Amino acid sequence: MIGADAAPLADPAEAVRRRAMLEAPHIAALTRYARSLERPGVSVPDFDPCDGGVGARLLFVMEKPGPVVFGQGGAGFVTRDDPSPTQLAARRFLSEAGIDRRDTVIWNVVPWWNGTTRVTAAELRAGAAAFEGLLELLHALRVAVLVGRKAESVRPALEARGIPVLASARPSHQVRAAFPDRWAAIPRVWADAARYLTD
Numbered sequence: 001m002i003g004a005d006a007a008p009l010a011d012p013a014e015a016v017r018r019r020a021m022l023e024a025p026h027i028a029a030l031t032r033y034a035r036s037l038e039r040p041g042v043s044v045p046d047f048d049p050c051d052g053g054v055g056a057r058l059l060f061v062m063e064k065p066g067p068v069v070f071g072q073g074g075a076g077f078v079t080r081d082d083p084s085p086t087q088l089a090a091r092r093f094l095s096e097a098g099i100d101r102r103d104t105v106i107w108n109v110v111p112w113w114n115g116t117t118r119v120t121a122a123e124l125r126a127g128a129a130a131f132e133g134l135l136e137l138l139h140a141l142r143v144a145v146l147v148g149r150k151a152e153s154v155r156p157a158l159e160a161r162g163i164p165v166l167a168s169a170r171p172s173h174q175v176r177a178a179f180p181d182r183w184a185a186i187p188r189v190w191a192d193a194a195r196y197l198t199d
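Residue 180 in full-length UniProt numbering sits at position 180 of the sequence shown, and the numbers go up by one each step.
Treat the hints with caution; some may be incorrect.
[As the list claims (entries may be wrong)] Computed beta-carbon distance windows for the label pairs:
#1 Arg161 <-> Asp11: 24 to 30 Å
#2 Phe179 <-> Ala24: 37 to 43 Å
#3 Glu23 <-> Arg188: 36 to 42 Å
#4 Gly162 <-> Ala20: 35 to 41 Å
#5 Gly162 <-> Pro12: 38 to 44 Å
#6 His139 <-> Leu166: 31 to 37 Å
#7 Ala140 <-> Phe179: 29 to 35 Å
#8 Arg39 <-> Pro67: 16 to 22 Å
[As the list claims (entries may be wrong)] Listed next, the in silico SDA-like pairs over lysine to any residue satisfying Cα-Cα at most 25 Å (straight line):
#9 Lys150 <-> Pro164
#10 Lys150 <-> Phe93
#11 Lys150 <-> Ala169
#12 Lys150 <-> Leu88
#13 Lys150 <-> Asn114
#14 Lys150 <-> Ala185
#15 Lys150 <-> Glu38
#16 Lys150 <-> Thr86
#17 Lys150 <-> Leu166
#18 Lys150 <-> Ala128
#19 Lys150 <-> Ser43
#20 Lys150 <-> Arg35
FYI, nobody ran anything at the bench for these hints, they're computed from the structure. These numbers were taken from a predicted model, which means no experiment stands behind them. Idealized CB from N, CA, C, for every residue including glycine.
Produce the entire structure from the sequences given, and follow the hints as far as they go.
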C-alpha cells in the first residue's frame with residue numbers, strides 16, 4: 001500500500017526504495033513532467049512516489065526547493081520526509097489534520113534549485129508557466145493550499161480551473177520565530193483543506 005508506512009528520508013535505503021518507484025503508474029507521468037523541466041545549471045527534484053501522484057485530490061504548492069533537497073543527505077524529492085525542521089513540522093500538521101498522504105501531492109512554484117533560496121521575478125514567471133503542465137496531469141484535484149507568499153503566483157491558474165485555493169504560511173522556524181500568529185494558523189488552514197476531501 002503506497003505511503004502507509006513511509007519512513008523519513010534520513011534513511012538512505014528509503015531514498016533508494018523510492019527512486020525505484022518513480023515509474024509506478026500513479027507517479028510516472030509526474031516523473032516525466034519533472035524531468036521535462038530540467039535544464040543546464042539547475043536541478044529539479046522528483047515528486048515523492050509515496051504521495052498520491054496523479055490521483056491526488058489535495059495539492060500543496062510550496063515556494064522553491066531548498067539546499068536540503070540536493071545537499072548532503074538530500075534525496076532529491078519534493079517531500080514531507082526530508083530530515084529538516086520544516087518538514088518535521090509539515091508532517092506533524094498533516095497528521096493533525098487527518099490528511100492521508102495518498103490524497104496529496106507536493107510541488108514548488110519555482111521547481112528549480114539553482115544553489116540559492118532567493119527567488120526572482122523571472123523565476124516566478126517561469127514557474128507559473130510550467131505549473132500549467134502540472135495541472136493538466138492532476139485530474140482528481142479538489143483543492144490547493146499555497147504555502148508561502150511566493151506560491152500566490154499560481155493562484156490565477158488554479159482559480160481559472162475552478163479549484164478552491166487556501167493559503168498558509170510556510171512551516172519554517174523563521175515563521176515560527178517572527179510570526180507566531182501565522183505559524184499558529186497553519187494547522188487550521190490545512191485542516192480546512194482536508195474538509196474538501198470528504199465525500
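Problem - CB-CB spacing for phenylalanine 179 and alanine 140 relative to the 29 to 35 Å hint - result: 33 Å, holds
Problem - Restraint check for lysine 150 with glutamate 38, where alpha carbons must lie at most 25 Å apart - result: The hint holds at about 21 Å.
Practice task
Verify the proposed pairing of lysine 150 with asparagine 114, using a straight-line Cα cut of 25 Å.
Solution key: 17 Å, holds
Exercise for the section: Quickly compare the C-alpha distance for lysine 150 and phenylalanine 93 to 25 Å and report which way the hint goes. Expected result: Answer holds: lysine 150 to phenylalanine 93 is near 21 Å, not above 25 Å.
Problem - 25 Å limit on alpha-carbon distance, applied to hinted pair lysine 150 and threonine 86 - result: 17 Å, holds
Practice task
Could you check the hint for me, namely that arginine 161 and aspartate 11 are 24 to 30 Å apart, CB to CB?
Solution key: Since the Cβ atoms of arginine 161 and aspartate 11 sit about 37 Å apart, the hinted range of 24 to 30 Å is violated.
Practice task
Return holds or violated for the Cβ distance of glycine 162 and alanine 20 against the range 35 to 41 Å.
Solution key: About 36 Å separates the Cβ atoms of glycine 162 and alanine 20, which means 35 to 41 Å holds.
Problem - 25 Å limit on alpha-carbon distance, applied to hinted pair lysine 150 and arginine 35 - result: 23 Å, holds
Problem - CB-CB spacing for alanine 24 and phenylalanine 179 relative to the 37 to 43 Å hint - result: 38 Å, holds
Handout entry: Pair hint lysine 150 and serine 43, alpha-carbon separation not exceeding 25 Å
Key = 19 Å, holds
Practice task
Verify the proposed pairing of lysine 150 with alanine 128, using a straight-line Cα cut of 25 Å.
Solution key: The hint holds at about 10 Å.
Exercise for the section: Decide if the proposed pair is consistent with the structure: lysine 150 and alanine 169, CA atoms, cutoff 25 Å inclusive. Expected result: 10 Å, holds
In summary, the numbered hints that this structure violates are 1, 6.
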